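From just these sequences and the hints, can you work out the full model?
Taken in order, these protein sequences are the chains called A and B.
According to numbering that gives the first Met the number 0, the residues represented by the first sequence are 0 to 168, in order.
According to numbering that gives the first Met the number 0, the residues represented by the second sequence are 0 to 621, in order.
The set of hints was computed from the structure by calculation and includes no laboratory data.
Here's a subset of chain B near chain A, in silico, CB distances under 8 Å, partners left out:
id, residue
1, F118
2, N119
3, S123
4, L147
5, G183
6, Y184
7, P306
8, K311
Source: prediction; values computed, not measured.
Cβ coordinates follow ideal geometry from the N, Cα and C atoms, glycine included.
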Amino acid sequence: MAQSSSLKTLSVLVENQPGVLARIAGLIARRNYNIESLAVGPTEEPHFSRMTLVVDQDQTHIEQIIKQLYKLVNVLKITEFDPAEAVERELMLIKVSVLPERRYEVLQLGEIYGAKIADVGACGVTLEISGTPEKLDDLLALCEPYGVLEVARTGRVGLERNEKRASLI
Amino acid sequence: MSERLTGAQILIKSLEMVDVDVVFGLPGGAILPVYDPLLESPIRHVLVRHEQGAGHMAQGYYWTSGKPGVVVVTSGPGATNVITPVADAYMDSVPMVVICGQVATAAMGTDAFQEAPTFNLAMSITKHNYVISDACEIPQIVAEAFHLATTGRPGPVWIDLPKDVSGMEAEWWWPSDPTACLPGYKPRIKPHPRQVKRAVELLNTSQRPIIYAGGGVLKARGAQALQEFAELTGIHVVTTLMARGVLSDDHELCLGMPGMHGNYTAVTSMQKSDLLITLGARFDDRVTGKVSAFAPDAKIIHIDIDPAELSKVRYADVPIVADANRAIEALIVEYQKQERRRQERGDAPVDRAAWVEQINTWRSRYPMKYVESDEVLKPQFVLERLGQHAPDAVLVSGVGQHQMFASQHWKFSAPYRWINSGGMGTMGFAVPAAIGAKVGSPEQTVWVIDGDGCFQMTFQELITAAVEGIHVKVAILNNGYLGLVRQWQDLFYDERHSEVHLGGAIPDYVGLAEAMGCAGFRVDAPEEVDTVIAKAMSIHDRSVVIDFRVDPTEHVFPMVPAGASNDDIIVGPAYGQTEEEERVILSKGKFGAAPMAQGGQEDTVLPPERSGVHFEMDKKED
Numbered sequence: 000m001a002q003s004s005s006l007k008t009l010s011v012l013v014e015n016q017p018g019v020l021a022r023i024a025g026l027i028a029r030r031n032y033n034i035e036s037l038a039v040g041p042t043e044e045p046h047f048s049r050m051t052l053v054v055d056q057d058q059t060h061i062e063q064i065i066k067q068l069y070k071l072v073n074v075l076k077i078t079e080f081d082p083a084e085a086v087e088r089e090l091m092l093i094k095v096s097v098l099p100e101r102r103y104e105v106l107q108l109g110e111i112y113g114a115k116i117a118d119v120g121a122c123g124v125t126l127e128i129s130g131t132p133e134k135l136d137d138l139l140a141l142c143e144p145y146g147v148l149e150v151a152r153t154g155r156v157g158l159e160r161n162e163k164r165a166s167l168i
Numbered sequence: 000m001s002e003r004l005t006g007a008q009i010l011i012k013s014l015e016m017v018d019v020d021v022v023f024g025l026p027g028g029a030i031l032p033v034y035d036p037l038l039e040s041p042i043r044h045v046l047v048r049h050e051q052g053a054g055h056m057a058q059g060y061y062w063t064s065g066k067p068g069v070v071v072v073t074s075g076p077g078a079t080n081v082i083t084p085v086a087d088a089y090m091d092s093v094p095m096v097v098i099c100g101q102v103a104t105a106a107m108g109t110d111a112f113q114e115a116p117t118f119n120l121a122m123s124i125t126k127h128n129y130v131i132s133d134a135c136e137i138p139q140i141v142a143e144a145f146h147l148a149t150t151g152r153p154g155p156v157w158i159d160l161p162k163d164v165s166g167m168e169a170e171w172w173w174p175s176d177p178t179a180c181l182p183g184y185k186p187r188i189k190p191h192p193r194q195v196k197r198a199v200e201l202l203n204t205s206q207r208p209i210i211y212a213g214g215g216v217l218k219a220r221g222a223q224a225l226q227e228f229a230e231l232t233g234i235h236v237v238t239t240l241m242a243r244g245v246l247s248d249d250h251e252l253c254l255g256m257p258g259m260h261g262n263y264t265a266v267t268s269m270q271k272s273d274l275l276i277t278l279g280a281r282f283d284d285r286v287t288g289k290v291s292a293f294a295p296d297a298k299i300i301h302i303d304i305d306p307a308e309l310s311k312v313r314y315a316d317v318p319i320v321a322d323a324n325r326a327i328e329a330l331i332v333e334y335q336k337q338e339r340r341r342q343e344r345g346d347a348p349v350d351r352a353a354w355v356e357q358i359n360t361w362r363s364r365y366p367m368k369y370v371e372s373d374e375v376l377k378p379q380f381v382l383e384r385l386g387q388h389a390p391d392a393v394l395v396s397g398v399g400q401h402q403m404f405a406s407q408h409w410k411f412s413a414p415y416r417w418i419n420s421g422g423m424g425t426m427g428f429a430v431p432a433a434i435g436a437k438v439g440s441p442e443q444t445v446w447v448i449d450g451d452g453c454f455q456m457t458f459q460e461l462i463t464a465a466v467e468g469i470h471v472k473v474a475i476l477n478n479g480y481l482g483l484v485r486q487w488q489d490l491f492y493d494e495r496h497s498e499v500h501l502g503g504a505i506p507d508y509v510g511l512a513e514a515m516g517c518a519g520f521r522v523d524a525p526e527e528v529d530t531v532i533a534k535a536m537s538i539h540d541r542s543v544v545i546d547f548r549v550d551p552t553e554h555v556f557p558m559v560p561a562g563a564s565n566d567d568i569i570v571g572p573a574y575g576q577t578e579e580e581e582r583v584i585l586s587k588g589k590f591g592a593a594p595m596a597q598g599g600q601e602d603t604v605l606p607p608e609r610s611g612v613h614f615e616m617d618k619k620e621d
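The following block contains the structure:
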């Protein structure tokens, strides 16, 4: 699993309150940190949300980011993932420009990657795929020759593995 | 049976519950409902002339009373006017609670009259902020706000109160635990014993240790423990701009202020030290100079209640997250324990005699001094004389040359007698902060040291002081310039003075003072200083303003040029340093030295022909 060494994933458990996303985004902006992606969603507990931040920084900065995030009163817990010991997934919708006669080629590509067909039209097809960001990148590259009209990605979400060093799932 | 009250009544009652006895504010549309129940409340309200004044008063109030200052303002411009002091309080970790009116909930986000996006604005300059959406939340939020403002690393907390919520009725209640709804807030107070042990072990191997004491020691009420620790270990202490007075300047172990305008011994002893015991300080760029060249041989013990400060600027060899007072107490206990063991083993203690001798050599060679004059009024001379007349006063300063002169030349003998804007450097801080300080401690004499530039930003609060019967004393070190900016233009821009000349003679400060209900005096010559200060000290029924017409060419020295190493310290003409020597040092800073003026070298940094330029003052007799 190739990952650029400067990309780090932070899983941030926050109170589910108005303005929390603005606080986190504002902190990252004013401290001049770069974020690669940010995904937010509810957790098993309705009072809390989980934000998954992918940050492009070296280790020193990561420590500072974590400490600054902890200063936000609404932040409860921050986990920095070791990519080898976490499951990380991202969802992508990809709208490919393709005429009906070559549609099967795109669908076949999708099938290889385990993508679903989310929508089909006369001039194109929309695939839905979830997986590691790298897998999504690969499919996207293979679709490029046909003409990619639009892409929407969620940014990655992640959880630590149940058992450290468990088999790859 | 619990009573039903309006949101406004619940707010006032909640403020009473957290022991608020004074608020600083100015009413307006959105906060109007809150001002009605205030009439029945024992809480005192100080009606300011500008909301910025309310914020700085709240800061001054904290420093003398130890209690968080409370500000009440209305929405829109009321809110934006208080942004500067809130940002200032955040930078200097001063506890403050802002109660800010907001337009009604239904109007929020519609660009309503006097609506500003205060939730977003306050978010980045406060420790935490709230918008109240229901009157029943008020008690919990007020309790939380005061808890957050005063615990952990203190700071400002901002509460937006929409107008419909202050009119809404709810049942009165009071939370038994302010932390019940704060699952993500757990400041660490107690130091980790293993880290304390490591710190003392490091201390016991250090040849050249220095204690670097910052504002956090004052916040933690740790001055006494600090003195005990310093005396026990015999280690010298530098006191940062925020911590002046935390150890008395008269104390043998006190070296005074470090940093860009710190004294030679404080700066150099840090540079040469092999261990900095950092207590509630944050390696501010004004202390470190060029970070990569700062105290190159020193290991760092860093104690701070805010984990984010540790290794932020300088790697901490022994980081300790804790309240400074608790940490110092733990260091004392551990030190005594290790000392006993050492004695049992019969080992000799570390011999630091050479280091102490070195420090004393620096001290005797570079005492704080300036080029004295019998003709022109030197700002340092004014401070010295003032210090003689009012040694126990609370000194409140603005930002600029006068602030540095005050910090350098005033003998601080006790903590909580020095109030200034350190991190933010807010001009206009002094007059309102002094009024707040006087409210917080009415029995103390409060002296303002202000520049003429600073004074002109906020002097209208002296009207507040006059009307409210809060009497402060103001010494304006009037050089007719934005002096510190002028100094930089002198040093780095070849004396090309761009937009720094303020006028000097306008306004007429004596007339201005009298118009505001204060006594006003003017001092032109050194021999008048004592008489006028004595006169000012004898006035107790109103505030006093003294216009000291000081030498505009005076520079603040010592000085480490911005971006230079602290090894490159300019001590100034008082020590016989020549302009050429000074230029060599200046060229090491990030701005470089100004181009060499024609006409060769000068003996002093301030050639006599430069004195009095652009400083045409009315010399009429008073």
